[in-house]
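> In case you want the letters, here they are:
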Amino acid sequence: MKRFGMIAWIPGLALLAAGGLAYLFRPDWATWAGLLALVGAGLLAAWAYVGFDAILAVLGRRATRYGLNVTLSVLLLLALLVLVELISTSSNKRLDLSEGKRYTLSDQTIKILKNLKADVKAVAFYRPPSPNAFEDRRGAEDLLRRYADLSTNFRYEFVDPDRDPGRAQRYKVSQYGSVVLEAKTGGGSDDKAAAPREQTAPTAARDAAPARTSPAPARTSPTPAPEKPVVSGATLQEEQITDLDEEKLTNAIIKVTRGGRRVMYFVVGHGERAITDSGKDGYNAIRTLVEKAKGLRPARRETARPPGPGSGRQPQAVPPPVRDQGRGRRSD
Amino acid sequence: MNVLAIFKREVRTYFTSPIAYALLTIFAVICGFMFTSILAQFQRASFQSAMNPAMAQGMNATEWVVRPLLRNVAVILLFLMPIVTMRLFAEERKTGTLELLFTFPIRDVELLAGKFLAALAIFLVMLALPLVNILMLAGLGPLEWPAIGVAFAGLMLLGMTFLAIGLFCSALTENQIVAAVLTFGAALLFWIIDWSADGAGGTLGQVLSHLSIIRHFDSFQRGVIESKDLIFYLNFTIFGLFLTMRAVESHRWKG
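Top to bottom, those sequences are chains Y and G. The first sequence: position 118 = 117 (numbering that gives the first Met the number 0), numbered continuously. The second sequence: position 140 = 139 (numbering that gives the first Met the number 0), numbered continuously.
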């Protein structure tokens, strides 16, 4: 029994390590991992009890004292370096010396990220780097990390679509290198987005728009003003992009955070064709198409917007006026 | 002063043996071969871009030639750095001169610093060889020198981590071959450690990914200095050298 007690530290340490590793890799096996660790700790305690005198004798040796000293100093330095690593990772500073600073995000993107109030998550569907994986995962990772460095509200995750086809299917991802952005906007207790209030008058919606939208990158098209749909809770906005680059990613962030559908205005009041008219000359069919289109909803506007700040943010259709058939001006 | 004496002694040993010459020759040949291959690819791409203006937008000798070349140099270093460091302590132990050194009024830290700086000097001479290729390229067109400087700084930091690993492995054994194999194995492990990051996921995945020594070179090779990468390399080197010092010290009290 005493002999077994003297070697009990071997299975004890092994079980303790196995328990720790099991918990690390499979947190769902916590109970079994805990049990293994407990048995391991019990064996170690038994070993310490049986061989207490022998342990004391070994600890008293000069080599053991030096050894413990070295181990302790190494662990202390390691802890210090880990601390330094944590600090340096969380407060990273960059200096881009490439020509034209091509690895630095544009000022517009930085502004958008600094003002990002909603939680945006990017799910990137890339295979692990390998000669067969043609998609540039490292480049995508670098870009997403630069975004995440600038805003705590931006998170990203890489998913191998081959290992997790269920998620790829859920997001309707059909090709490697796709990135899906999702953001919760609108009501809901966890909503942090500065979502706009719905405007009943079209002009009010237009006037409120610039305050709510952040400028798009220089290379992108003008950003539409957000308009929140009537919702009782939070709305999950999704946007999928392929061939990831800064321009697409920033535009996608704008789209998912604007919190609702864009409004497509049909100008009325000057004899234009009506969007409620389902006749041969009517625009009802177009209205139906707009209603079905993702992220768009139709609305009527009394007058065409004059050019100026904020114009061009919302799509605007001016149907040709009805001048023939003797029907005169028509207002819907 | 003691550091300088050790440094001179080590550098002299490198160049009085065939190690440095063989190392530099092999390194120069491989770098030259890679440079020629990459340059030929760039040339083909340049011809194609002449017919396709959209493709010409991204044509840049620094991006197309220098960056891939330095990335490949990093791979060659993985294989050659163990040869630079394998003898530093292992040979001293084998010939028994380490005990002799212990009797001199030299502190362990001075001994370590002298040997590290000597290996670093050899490494810097090695780094000058791809620089010759790049200088030849500079005669053909403009290059982004600040970005190239950053990439070389990154290579130097990467090489320092290899040196730290190598010195530690050399201090563990008296067999130079074993020291070289240990160094290569350890460096390779830290090179590919992020392969398992995806499988591990979560915090463990992030830690494994962070420990990859080549991943921190990515920003440098683009011409971007990131403080976290710089600090990682310095921390890695400091830790490796600290372990080496402890391993050397242990010879005193182990007897």
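Be aware that one or more of the hints could be misleading.
[Stated by the list, open to error] Away from chain G, derived, C-beta distances all over 10 Å, residues of chain Y: (1) P127; (2) R154; (3) D159; (4) D280.
[Unchecked claim] For lysine-lysine, the following DSBU-like pairs were computed, each having C-alpha atoms within a straight-line distance of at most 35 Å: (5) G/K227 to Y/K92; (6) Y/K120 to G/K7; (7) G/K227 to Y/K116; (8) Y/K291 to Y/K279.
[To be verified] Partner residues aside, some chain Y positions facing chain G, computed with beta carbon under 8 Å: (9) W8; (10) F24; (11) A62; (12) L74; (13) L77; (14) R93; (15) D141.
What the hints contain is simulated information worked out from the structure, not anything from laboratory work. Virtual Cβ for every residue (Gly too), placed ideally from N, Cα, C.
> Check each numbered hint from earlier against the structure, then list the numbers of those it violates in ascending order.
The structure conflicts with hints 1, 3, 6, 9 and 12, although it agrees with all the remaining ones.
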